[in-house]
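Make one complex out of these two single chains by using the hints.
Heads up: the sequence lines are chains G and X, in that order.
The first sequence runs 1 to 85 under our numbering.
The second sequence runs 1 to 522 under our numbering.
Calculated directly from the structure, the hints in this document are not laboratory data.
Check before you lean on any hint, since a few could be wrong.
Said to hold, decoys possible - Partial list, derived from the structure: chain X residues whose beta carbon lies under 7 Å from chain G:
(1) Pro83
(2) Ile87
(3) Gly90
(4) Met93
(5) Ser227
(6) Val230
(7) Gly244
(8) Leu246
(9) Ala247
(10) Val255
(11) Lys282
(12) Arg285
(13) Ala289
(14) Leu293
(15) Ile296
Even glycine gets a Cβ: it sits at the ideal position worked out from N, Cα and C.
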Amino acid sequence: MTETKNVSKRSKKEADVLRDKVIAALLLLIPMVVFAVTPIYNSSSSGLSLFGLTFFYWFPIVWLVISAIMYFVAAMILNKMEGDQ
Amino acid sequence: MNDVVVIGVFLALFVIFVFLGFWASRFRRGDLSDLGEWGLAGRKLGAYLAWFLVGADLYTAYTFIAIPESVFLHGAIYYFAVPYVGIAFGVAMITMPKMWKIAKDKNYVTAVDMVHDKFNSKTLAMLIALTGIVAELPYIALQIYGMQAVLLVMIGQLTSYDVTLITELSLVLAFIILAAFTFTSGLRGATITAVMKDAIILGTVIVAIIAIPIALGGFGKAISLFSSGVGVSPTSRVPFTGSGSLAPLLVNAFVSLSIMSAFALYLYPHAINGVLSIDSTKKIRQSTALLPLYGIGLAFLALLGILIYSSPVAMAMVSKYGATTVVPSLIYAEFPDWFVGIAFLGIFIGGLVPASIMAISQANLMVRNVLKPFWPNMDAKMEARLAKWFSVIFKFIALGFIFLISPTFALGLQLVGGIIILQTLPSIFFPLYTDRLEKVPVGVGWAAGLVLGVYMLYEANFVQHTSTSITTVLFDFSTVSWVGFLYIAFVALLLNLLISIVGSLLMGLFKSSPKGTAAKSD
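Extracted from the complex, chain X is given alone in its bound form (with noise of 0.2 Å):
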């Protein structure tokens, strides 16, 4: 293998990349010093730039990196991101074309807007802000751990010279890149960059999914050379799930990671970012349908999590350099080194432009909602400008945090934002569909939501494990056999939604009961 054609087949496109980043600052030109310009492109994308700007919030280092690296672990339940795609887009169907109205007919540049607005309350909104910034950061982390498995592989194969740091140095300086365009061109940028990143993409997991299959003799003896687990470490299997099927007691830890996982997804600020930019309701629509044929990737991704028992070469790779490195290590064993520079460039950039798009939200959340409330008088050139720095801040203190911490368990990053983010649900989906919530209840069951999800995650990882970071997002009830073991998301929002609908419900009977059933009439 020539190791020099990899890389230098992957720098050139990389430059290509770049260029492109700084040239979308012309596209549909518009004024970048204003927030709704350089933040929603100024709500101009049409239906086929919108499809790839919210399927780009699909096809992320999650599906290329975390998700195999979880399946070819510890088996069957993390196949649960495919009903969860399919979910997912039923989901947005239902409540997005409604959040796009309400937002277009007053103006607003983020969900919290809203929730300002509906429930009248500074405080809430701040919080709900909040949330969605902390949520976002595990998930941009997680984006970073699938560019540094790329690289690790690239800079491994080609040189033994301390590889970890070539490899860091080299996400620094691809993070400085990426923030300058960023700055620049805003959401046009991620957009136009987003087209190669899926063009590049969808060609390789179109090849990936036929051609590895073939190389490797057929999914029958991978199933069960991965149900045999030879050549992986039995530690680091454990708990496995299951090969060919899920085992009975984690039936509803698939159903619930799939369900939540659905939900969660449109609270994300990067996604409604993305619808916000679209030019109309029926663009949503059109392209949100057809967004889970993008699944059918993930699936087949995930699948490479099976798959790569069968190859001893890309085994011999993962054992050395981690089982995030599934899909580049069976990438890497399998084709040519042309094509596998431009895979694993469509994957490094399948971590960049998500990264900077959920920058770019989290700096709209920070600017409209936290700190604009403090400082009213805030132009719009300010607000742009703040929105601006607040993007190269947030990326770098999710770098910072991949330095910091160790790779043990990427999609548990991705599942911890999870937790955090669906307890902003009953704030941000509810006021669609009614007026009769609280802001105190659903406070309270924010607050109550979040403190159960961090208790539930301590018991389930530090006390029942006893281990030394976050290796699990499923809590046990198998005393109750038919529970089995659930995602803690669901019973903080199970929790959260109970004490917001039952609390708005007696405040709404205690309000209305001075005037009697005469304020029923209007």
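Just chain G, with the same shape it has in the complex (with noise of 0.2 Å):
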């Protein structure tokens, strides 16, 4: 009885860490891949632009930010499974 209870604590635990493990991936694998597709912001339609600038400039900008806080989340989560180690 107890040993069952072992066991699927034990598979529970590794599906926790292969869910962080895909979820810290996805937070760097997403930021890269937009940043690198560059047909998705090269437009200077008028419609798009900010400040007078146009969306080819100032979408990577934006994104920037966003894959900071992506990378430092995924750091997180990445440090944490380190020290549970």
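Right under this line is the structure:
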């Protein structure tokens, strides 16, 4: 009885670790893909301009902020995992 | 404008800078006759100092001089530096904690120590070390261009008496001082002065990016002047790559420039050196995660290359002193004397500090991975002493480089360095994840990548454009319209990767075949 409990506990922990790993990987990869797929933001249409800056210039700047937040959350997850080991 | 005030503020701050550089040897005191202490600051840097040190590699003449110059002259494509910064720290988050752990376990001082162990090859390690040293030289040279640009404006506005001569003398003098405190304080000197540099630079950038767009009537007006290119000689603007967005043929060039630069950043010896001097993997992740914020300043500095079109005063100065002076000229034209003095000092030491960090990392490589294999009995004291002298020598090689060749395309220097350093990617990044790579194909891939890179650089510049100096790092594949132009480093790295991976797989097959499938079980 206790044995099966332990097993399920362990596999739950493994599942948690896997989930954390996937989340951290996505937090790192999504910004990198957004930056790298330039056609997403290669637009000079005046409707998308902000303070006179075309979309092409301001969109990556906004993503610098978003990426720092996402990378930081990933860092906290990875640091926590490392601490648990 | 009172130019004496500008120079007075500049010199006063420079004196403080030099004092800090020498004082740093007492910071978290260690035995500076040991290479790990001199060259890695004893691996004692916490998250904040690490942020400054690694960030110091980012806010350099590259950011202040080369990127604005290139955007100013050639347009949208050189905005690639913004996505580059965003991607680079993602790459670092993945690779660098792993590198640090391996280095800590085995007590490696450089990445090449790891290459040596993993491939069990002195020759490959030495080739990779030399590649790092060579690739670093144009990067240092770029820093010197940046310092020169500031001096040109500052001295040129003060006096008309032989500006070039005074500028060159000042540069030599600054380098002697820098060499002296790098010699005595090592990486501690670079880190402490990096804090001063970043404080001044962050202040300058924040003021500049708010005040300049307001003073010049916003971005909209500047972008339309930028696209018409009024006030710039048409020949210097060729090829122009777009104003509000990229020309379609250059989209892949932009993508390859940003991705390749991102992978190149953490292959450079100075970047790895910076990471290895941090005191834990957790701090590496924390400080790296926030580094994209540094990129915001970089983005706005790049945009100054566009905004300057709205400032007739600054445009006149740029046509007098050259396109490397875009940012110094704008600052000079738009701000009061004392602020100009502070900002100029910031840009000046913004070249000086990275040059010091780069030369330290070159010296580490030279001693540990090029000389030591020939001289295995060398003791720790001798290692440190040699490294100190090499850091002096490399700085002056880069300085000599500047006096010999004329500045035409400052960013080109760094991008040529990128083509070279990227050929070390299979040797440095792959062993972090696999042991299946073999030294021979990796060595052949390295050589093939370098040869192809240099050939394409030659072909693009001296055959297709018949220019007399390097003016482009892009190769024209526009006969296939969906490809357009590509950064040469990308094509060279592709060949390198192909040879390294396919070659290693084939050798792996032959190696395990006599044992058959049984070999798999161990």
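Legend entry - Numbers of the earlier hints that this structure fails to satisfy, in rising order: Checked against the structure, the hints that fail are numbers 5, 6 and 9, while the rest are satisfied.
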